[in-house]
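2 protein chains.
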Amino acid sequence: MNRSAEVICVGTELLLGEILNSNAQFLGQELARLGIPHFYQTVVGDNPTRIKRAIATACQRAQLLIFTGGLGPTPDDLTTETLADFFEVPLIEHPEILEDIARKFAQRQRTPSPANAKQALLPKSAEILPNPIGSAPGMIWQPRPELTILTFPGVPQEFHRMWQETAVPYLQAQGWVTAKIYNRVLRFWGVAESTLADQVAPLLALTNPTVAPYASHGEARLRISTRASSREIAEQVIAPIEQQIRQICGLNCFGADEDTLESVVGQLLKQKGQTLAIAESCTGGGLGHRITKVSGSSDYFLGGVISYANPVKESLLSVDPVVLNQAGAVSPVVAEQMALGVRSHLHSTWGVSITGIAGSEGGTAAKPVGLVYIGLADANSVHSFECRISPLGGRDWVRQMSTSFALDFLRRQLLDK
Amino acid sequence: MNRSAEVICVGTELLLGEILNSNAQFLGQELARLGIPHFYQTVVGDNPTRIKRAIATACQRAQLLIFTGGLGPTPDDLTTETLADFFEVPLIEHPEILEDIARKFAQRQRTPSPANAKQALLPKSAEILPNPIGSAPGMIWQPRPELTILTFPGVPQEFHRMWQETAVPYLQAQGWVTAKIYNRVLRFWGVAESTLADQVAPLLALTNPTVAPYASHGEARLRISTRASSREIAEQVIAPIEQQIRQICGLNCFGADEDTLESVVGQLLKQKGQTLAIAESCTGGGLGHRITKVSGSSDYFLGGVISYANPVKESLLSVDPVVLNQAGAVSPVVAEQMALGVRSHLHSTWGVSITGIAGSEGGTAAKPVGLVYIGLADANSVHSFECRISPLGGRDWVRQMSTSFALDFLRRQLLDK
Numbered sequence: 016m017n018r019s020a021e022v023i024c025v026g027t028e029l030l031l032g033e034i035l036n037s038n039a040q041f042l043g044q045e046l047a048r049l050g051i052p053h054f055y056q057t058v059v060g061d062n063p064t065r066i067k068r069a070i071a072t073a074c075q076r077a078q079l080l081i082f083t084g085g086l087g088p089t090p091d092d093l094t095t096e097t098l099a100d101f102f103e104v105p106l107i108e109h110p111e112i113l114e115d116i117a118r119k120f121a122q123r124q125r126t127p128s129p130a131n132a133k134q135a136l137l138p139k140s141a142e143i144l145p146n147p148i149g150s151a152p153g154m155i156w157q158p159r160p161e162l163t164i165l166t167f168p169g170v171p172q173e174f175h176r177m178w179q180e181t182a183v184p185y186l187q188a189q190g191w192v193t194a195k196i197y198n199r200v201l202r203f204w205g206v207a208e209s210t211l212a213d214q215v216a217p218l219l220a221l222t223n224p225t226v227a228p229y230a231s232h233g234e235a236r237l238r239i240s241t242r243a244s245s246r247e248i249a250e251q252v253i254a255p256i257e258q259q260i261r262q263i264c265g266l267n268c269f270g271a272d273e274d275t276l277e278s279v280v281g282q283l284l285k286q287k288g289q290t291l292a293i294a295e296s297c298t299g300g301g302l303g304h305r306i307t308k309v310s311g312s313s314d315y316f317l318g319g320v321i322s323y324a325n326p327v328k329e330s331l332l333s334v335d336p337v338v339l340n341q342a343g344a345v346s347p348v349v350a351e352q353m354a355l356g357v358r359s360h361l362h363s364t365w366g367v368s369i370t371g372i373a374g375s376e377g378g379t380a381a382k383p384v385g386l387v388y389i390g391l392a393d394a395n396s397v398h399s400f401e402c403r404i405s406p407l408g409g410r411d412w413v414r415q416m417s418t419s420f421a422l423d424f425l426r427r428q429l430l431d432k
Numbered sequence: 016m017n018r019s020a021e022v023i024c025v026g027t028e029l030l031l032g033e034i035l036n037s038n039a040q041f042l043g044q045e046l047a048r049l050g051i052p053h054f055y056q057t058v059v060g061d062n063p064t065r066i067k068r069a070i071a072t073a074c075q076r077a078q079l080l081i082f083t084g085g086l087g088p089t090p091d092d093l094t095t096e097t098l099a100d101f102f103e104v105p106l107i108e109h110p111e112i113l114e115d116i117a118r119k120f121a122q123r124q125r126t127p128s129p130a131n132a133k134q135a136l137l138p139k140s141a142e143i144l145p146n147p148i149g150s151a152p153g154m155i156w157q158p159r160p161e162l163t164i165l166t167f168p169g170v171p172q173e174f175h176r177m178w179q180e181t182a183v184p185y186l187q188a189q190g191w192v193t194a195k196i197y198n199r200v201l202r203f204w205g206v207a208e209s210t211l212a213d214q215v216a217p218l219l220a221l222t223n224p225t226v227a228p229y230a231s232h233g234e235a236r237l238r239i240s241t242r243a244s245s246r247e248i249a250e251q252v253i254a255p256i257e258q259q260i261r262q263i264c265g266l267n268c269f270g271a272d273e274d275t276l277e278s279v280v281g282q283l284l285k286q287k288g289q290t291l292a293i294a295e296s297c298t299g300g301g302l303g304h305r306i307t308k309v310s311g312s313s314d315y316f317l318g319g320v321i322s323y324a325n326p327v328k329e330s331l332l333s334v335d336p337v338v339l340n341q342a343g344a345v346s347p348v349v350a351e352q353m354a355l356g357v358r359s360h361l362h363s364t365w366g367v368s369i370t371g372i373a374g375s376e377g378g379t380a381a382k383p384v385g386l387v388y389i390g391l392a393d394a395n396s397v398h399s400f401e402c403r404i405s406p407l408g409g410r411d412w413v414r415q416m417s418t419s420f421a422l423d424f425l426r427r428q429l430l431d432k
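Just so you know, the sequences run in chain order R and U. Quick note: the first sequence uses my numbering, first residue 16, plus one each step. Quick note: the second sequence uses my numbering, first residue 16, plus one each step.
There could be a bad hint or two in this list.
Any copy, or any two copies together, can satisfy a pair, since identical chains are not distinguished.
Subject to a maximum C-alpha distance of 16 Å in a straight line, what follows is the list of computed EDC-like cross-link-like pairs (lysine to aspartate or glutamate) [stated by the list, open to error]: (1) LYS287 / ASP213; (2) LYS133 / GLU257; (3) LYS308 / GLU376; (4) LYS285 / ASP314.
Hints are computed from structural coordinates only; laboratory data are not their basis.
Excised from the complex, chain R in its bound form (with noise of 0.2 Å):
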């Protein structure tokens, strides 16, 4: 079987380049995963003459097409109908979608619009792609023999939840996933990823599993892959690699897969029965909005201080106003004092803190834009950690940066105790 598959994302905005175009790597991804063959990807805008060119070119190539967006209710939302129109099928008003949307609506105490009623309409013979979050569906569609067509909305949220709950199992069903390959992605924390290839460079070269190292926000990453005709028989091959690799990188690897810092370090708390408090200056809220990221965090995460400006830094976090002054916001001492104020304050077993010049003002030669203080304080003790973050990526990328630094800081302090 030399069937291959072909995406083709549907939208003026694509061509903009209003939105960057993430639902054509999700599918990447997932192809890969499954194992389809996947040669080309098309992005067309919202004209009908356009899509059917671009429908007809696809189809000469491919035997399953995988179209994203232009299901919406506006006018501009052409996808559907054009289809309909090249295979030269009526479209079918499918009630069970008017009343789906009118439910939708209705617990967001609204009502659909007229225009909504577009969005029943099948072309004959295709199958409802149910749509859990939005008003959206998608369709299942074999317009002739040999060819499926799948419709998705843009919205990356509900086309993903439609991928893995509907358009997964169809294909299966459907004969196309016959070996899948399966990854397990290692993640790294304090170790570039130039440095970590060279660490691990022997394993590079083996071919079942491969071994590949990449970057991603900051973060290095190996991935190891295998193709097998079942989770079981891959982890037998990954396994014992995995296992190679952690120990070579010892701490540096702070965990695999769906892991993040925040769930990583969740989890120690969690074992250990302890609590944090936090308390945050250049990064305005984002370390605890990554806590809290996770869900169940109420167990071990009890809350923490905005100190944006300084005098909250003495109001609320006991900060000494005479240090303040004299050292500066951004200084060891006020990152110490930041952690054990909070967490003398709040109760809490640890107490972390975070002060520094985010930028893309305030940066001075002796305190440039990327130098953070991290704190950590416990029963016992107090420490401080300085990070340069390189200011070449912005404002954003140091904050990010930051709450990196302090999740890890805690996480090689609860591995160490």
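Following the hints, put chain U in place on chain R, whose structure we already have.
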């Protein structure tokens, strides 16, 4: 002249979803800005047969083909040789490219590998498109009349510089840049895309400027576009339509283009010389994180309290324990007391609070996941607002929407006074 451009991104790593195709987004924005029509983007892997198919398809539709990727030194970098092969033109070695590569390597105390030699080969009659940073130059080539090909490496920094420094002036000289397209994006909160489209329905039929609705991150947007020879002329076309839309939509329109809810709130606070303090429960710092995304937010943002655990609501926000116990943490009265508490402890003009059930756990029939209360206090009054956010989007969505609602409520209050 009905000439158009087409984008072809070459790289198996794009098809596998290993990297996000930010080059396509960059080109989309640039071509739109320059007024060069552009109707299709194609992604194709490192395979000569398939690259040729993509070239053949694109040649039939467009007169300017822009390639990114596949210019490196490794055997799977095939863009240049495949183009030469497709148009049946021999490759010619350019010694000046080899010298440039050797010079760049020498600067980093390295020597080129034999593999770099292929980067000095260009089709006969192609011109070098210089790369000021990396080893891979691109080319400018007219393989036949009425067809221009530009190639760029996939590394974004190199591509962007080559585009700005050489390609844009070339396209200008060749008459591709006749009139630019100017966009104005109006941004809305508190109205669904479909309702908005209904409200401005007659404007959606305009041809100059065009008005198109779309949605992003729960926000509805209207894009007003016009093709004009200068920004001034474009503004004359866009401004009256923008004014009409703003009259129709009132306060639901919170800004345009780069404005965000947090930047608009910041501007209003700054104009009034007022300050803000926040108290966050379920969002865990996410509201503060958003407010402090704005560089210079220290002018009006004092800080806040992350009162994730109930005792913190009592100790740092003076929420009445009896009320907390009777009404529960997720209630209008606790939202109000949190807002009052943080305002009074931090001595700010405004206090804003969020308390809600973000999920995935913790929901009940009476207080389901997605139920969120926003509190808002100033010197004269305190209010609370109930939001019912769809839990289907997941914990991140509920938290993100909560911060948007909080910022929007504050914005409306600031505009009201």
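Results for each hint:
no.	hint	verdict
1	LYS287 / ASP213	neither (35 Å within a copy, 56 Å between copies)
2	LYS133 / GLU257	neither (51 Å within a copy, 28 Å between copies)
3	LYS308 / GLU376	between (29 Å within a copy, 12 Å between copies)
4	LYS285 / ASP314	within (7 Å within a copy, 38 Å between copies)
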